[in-house]
Amino acid sequence: MEDQRKPEKHKTSTTSSLLWFFGISTCVKLLLIPSYHSTDFEVHRNWLAITHSLPLDQWYIDKTSPWTLDYPPFFAYFECILSFFAHLVDPKMVDLEKGLNYKAESVVLFQRLSVIVCDLVLLYGVYRLSKNFSMGFKERVLMWVLVVWSPGLVIVDHMHFQYNGFLLGLLMMSISYLMEGRDLMGGFIFAVLLCFKHLFAVAAPVYFVYLLRHYCWKGFVKGFGRISVLGAVVVAVFAAAYGPFVYHGQMQQVISRMFPFGRGLCHAYWAPNFWVFYIILDKGLAFLLRKLGLNIPVPAASFTGGLVGDSSPFAILPQVTPLTTFIMVLLALFPCLIKIWKNPQPRSTARWIAYAYMCGFLFGWHVHEKASLHFVIPLAIVAGNSLEDARHYFLLSIVSCYSLFPLLYEAQEYPIKVLLLLLHSFLMWHSFSALFTEDATAKAVVSAKKTDRQVGLKGSSSDFVGKGGFHVGWIGRCYLFGLLVVEIWGQFLHPYLLGEKLPFVPLLLISIYCALEIMYSWIWQLRQIMVST
Numbered sequence: 001m002e003d004q005r006k007p008e009k010h011k012t013s014t015t016s017s018l019l020w021f022f023g024i025s026t027c028v029k030l031l032l033i034p035s036y037h038s039t040d041f042e043v044h045r046n047w048l049a050i051t052h053s054l055p056l057d058q059w060y061i062d063k064t065s066p067w068t069l070d071y072p073p074f075f076a077y078f079e080c081i082l083s084f085f086a087h088l089v090d091p092k093m094v095d096l097e098k099g100l101n102y103k104a105e106s107v108v109l110f111q112r113l114s115v116i117v118c119d120l121v122l123l124y125g126v127y128r129l130s131k132n133f134s135m136g137f138k139e140r141v142l143m144w145v146l147v148v149w150s151p152g153l154v155i156v157d158h159m160h161f162q163y164n165g166f167l168l169g170l171l172m173m174s175i176s177y178l179m180e181g182r183d184l185m186g187g188f189i190f191a192v193l194l195c196f197k198h199l200f201a202v203a204a205p206v207y208f209v210y211l212l213r214h215y216c217w218k219g220f221v222k223g224f225g226r227i228s229v230l231g232a233v234v235v236a237v238f239a240a241a242y243g244p245f246v247y248h249g250q251m252q253q254v255i256s257r258m259f260p261f262g263r264g265l266c267h268a269y270w271a272p273n274f275w276v277f278y279i280i281l282d283k284g285l286a287f288l289l290r291k292l293g294l295n296i297p298v299p300a301a302s303f304t305g306g307l308v309g310d311s312s313p314f315a316i317l318p319q320v321t322p323l324t325t326f327i328m329v330l331l332a333l334f335p336c337l338i339k340i341w342k343n344p345q346p347r348s349t350a351r352w353i354a355y356a357y358m359c360g361f362l363f364g365w366h367v368h369e370k371a372s373l374h375f376v377i378p379l380a381i382v383a384g385n386s387l388e389d390a391r392h393y394f395l396l397s398i399v400s401c402y403s404l405f406p407l408l409y410e411a412q413e414y415p416i417k418v419l420l421l422l423l424h425s426f427l428m429w430h431s432f433s434a435l436f437t438e439d440a441t442a443k444a445v446v447s448a449k450k451t452d453r454q455v456g457l458k459g460s461s462s463d464f465v466g467k468g469g470f471h472v473g474w475i476g477r478c479y480l481f482g483l484l485v486v487e488i489w490g491q492f493l494h495p496y497l498l499g500e501k502l503p504f505v506p507l508l509l510i511s512i513y514c515a516l517e518i519m520y521s522w523i524w525q526l527r528q529i530m531v532s533t
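Counting from 1, one number per residue, gives the positions in the sequence shown under this note's numbering.
Heads up, a few of these hints could be off.
Claimed, not checked - Below, simulated EDC-like cross-link-like pairs (lysine to aspartate or glutamate); rule was C-alpha separation at most 20 Å, straight line: (1) Lys29 to Glu413; (2) Lys417 to Glu487; (3) Lys63 to Asp95; (4) Lys29 to Glu410; (5) Lys92 to Asp40; (6) Lys417 to Asp389; (7) Lys63 to Glu97; (8) Lys98 to Asp62; (9) Lys92 to Glu139; (10) Lys103 to Glu410; (11) Lys131 to Asp95; (12) Lys29 to Asp40; (13) Lys103 to Asp90; (14) Lys417 to Asp62; (15) Lys103 to Asp389; (16) Lys138 to Glu413; (17) Lys501 to Glu487; (18) Lys29 to Asp95; (19) Lys63 to Glu105.
What the hints assert, rightly or not - What follows is a list of derived Cβ distance ranges for each label pair: (20) Gly181 to Thr15: 50 to 58 Å; (21) Val246 to Leu419: 20 to 28 Å; (22) Met258 to Val418: 19 to 27 Å; (23) Val246 to Trp341: 27 to 35 Å.
Hint data in this document are derived by calculation from the structure and do not stem from the laboratory. Glycine is no exception: its CB is placed at the ideal position from the N, C-alpha and C atoms.
The whole structure should be built from the sequences, with the hints applied where relevant.
Below you can see the structure in the form of structure tokens.
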């Protein structure tokens with residue numbers, strides 16, 4: 001009888017502890033309601049107005065505002081549902097013309113609270129991952145700290161303003177089902193996620209290869225039946241999303257909105273990825289050749305501004321097209337896909353999916369800096385697997401959060417983002433230390449005693465104790481110190497020494513310096529995937 005009560009008590013303890021973590025994060029988010037918000041706030045308010053005021057066949061055609069609807073249909077339906085409640089709060093909020101740039105307190109409160117409520121999906125995704133696997137209490141607390149208390153999500157969703165927590169919650173749910181071996185349900189939720197936000201499609205090759213090999217590769221008859229069922233599920237999801245627009249003959253219009261390739265290679269603030277180095281190399285070569293007397297045309301600077309506009313040509317290096325970036329992402333993914341086909345292990349799905357999103361971040365077209373959340377959040381699932389994973393995640397999470405700092409450029413938000421990052425770093429360090437130091441010390445004692453017996457030494461065991469546990473190597477410490485130097489230069493020394501000259505340099509330094517760590521992380525993850533069994 002007591003054995004039967006233990007799982008129930010364990011489940012209750014997990015739920016109550018997770019709710020406590022979520023409650024603390026919710027209090028912080030409520031305090032940030034009056035803080036700065038970006039133009040994405042008006043984007044989503046306009047989408048509320050579009051889906052509430054216009055018939056469905058006008059949603060992807062309307063141009064009343066420059067912030068046109070460019071997410072897949074499920075997100076449009078989601079905005080339509082929200083718009084009914086928004087109309088009850090303040091009818092002007094969903095008025096297509098009178099509501100333009102409307103920023104009343106009722107609008108701010110409603111939209112902020114909508115993001116907080118939608119974070120319940122993230123909570124459920126984390127809950128599924130916590131309750132269904134053989135995690136100790138320390139491992140569960142670690143994942144809650146890294147995901148539920150993620151400073152990146154707070155900055156992007158609850159200050160800058162987006163719904164990433166809701167969408168990443170769907171991704172975490174999908175991963176949890178895959179790790180359970182419930183492949184069909186995992187694939188179904190991923191298909192739903194793609195119909196909410198198409199940028200998550202970067203992981204589609206991973207899902208395709210994994211589901212084909214692990215779920216469908218079961219002999220001809222059984223395999224054919226499974227691939228038919230899986231295909232029917234995916235088709236049903238996409239039919240529910242896009243069917244009405246196919247009926248109205250608007251698929252081309254919907255796709256052109258979702259994939260506006262007229263936008264430049266880089267976003268207004270250069271995401272810290274491979275293309276930062278490519279652009280810098282092109283501009284550096286052009287500068288050098290001009291100094292040598294060669295006539296090198298100066299291209300128009302289009303990598304750092306504009307809503308939708310064609311990027312200027314490179315001066316020296318070959319042009320980069322959307323097709324080029326697509327091919328590079330696939331090439332970067334290819335070794336991982338081979339590994340998945342050879343050994344499709346459910347426990348490795350989180351790492352593979354995170355790696356796919358990192359490939360998209362590094363080599364994709366018009367990548368936003370906010371997309372780093374797509375790989376940082378899933379990687380939290382495996383951050384406690386080993387000491388090497390913990391050290392890797394510690395640096396990557398700090399760099400990812402720091403790369404988001406330029407999103408909050410107003411002075412009053414500066415202490416908030418700095419405190420969020422420092423507090424998160426402290427909590428990560430404490431959680432990793434609690435998880436690894438005790439085990440490392442025990443292993444060191446056993447190893448030392450074994451060595452003593454073998455070589456006949458006495459009194460040397462204590463030399464090994466305390467050398468294990470969580471710590472960052474000297475290279476990592478030097479890198480973090482360099483991050484501090486970059487921040488001090490951008491915030492204090494540059495304005496003091498150069499004034500308004502070269503205003504792009506602080507942002508450029510952040511992009512380049514953060515890109516170094518993310519490129520290293522990509523290589524490290526690829527190596528981990530290839531050497532894993």
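Verification of the supplied hints:
{"no.": "1", "hint": "Lys29 to Glu413", "result": "holds, 14 Å"}
{"no.": "2", "hint": "Lys417 to Glu487", "result": "holds, 12 Å"}
{"no.": "3", "hint": "Lys63 to Asp95", "result": "holds, 14 Å"}
{"no.": "4", "hint": "Lys29 to Glu410", "result": "holds, 18 Å"}
{"no.": "5", "hint": "Lys92 to Asp40", "result": "holds, 18 Å"}
{"no.": "6", "hint": "Lys417 to Asp389", "result": "violated, 25 Å"}
{"no.": "7", "hint": "Lys63 to Glu97", "result": "holds, 11 Å"}
{"no.": "8", "hint": "Lys98 to Asp62", "result": "holds, 15 Å"}
{"no.": "9", "hint": "Lys92 to Glu139", "result": "violated, 47 Å"}
{"no.": "10", "hint": "Lys103 to Glu410", "result": "holds, 18 Å"}
{"no.": "11", "hint": "Lys131 to Asp95", "result": "violated, 44 Å"}
{"no.": "12", "hint": "Lys29 to Asp40", "result": "holds, 17 Å"}
{"no.": "13", "hint": "Lys103 to Asp90", "result": "holds, 11 Å"}
{"no.": "14", "hint": "Lys417 to Asp62", "result": "violated, 36 Å"}
{"no.": "15", "hint": "Lys103 to Asp389", "result": "violated, 44 Å"}
{"no.": "16", "hint": "Lys138 to Glu413", "result": "violated, 32 Å"}
{"no.": "17", "hint": "Lys501 to Glu487", "result": "holds, 17 Å"}
{"no.": "18", "hint": "Lys29 to Asp95", "result": "violated, 27 Å"}
{"no.": "19", "hint": "Lys63 to Glu105", "result": "violated, 26 Å"}
{"no.": "20", "hint": "Gly181 to Thr15: 50 to 58 Å", "result": "violated, 23 Å"}
{"no.": "21", "hint": "Val246 to Leu419: 20 to 28 Å", "result": "violated, 49 Å"}
{"no.": "22", "hint": "Met258 to Val418: 19 to 27 Å", "result": "violated, 36 Å"}
{"no.": "23", "hint": "Val246 to Trp341: 27 to 35 Å", "result": "holds, 33 Å"}
Figure legend: structure checked against the earlier numbered hints; hints not met, in rising order: 6, 9, 11, 14, 15, 16, 18, 19, 20, 21, 22.
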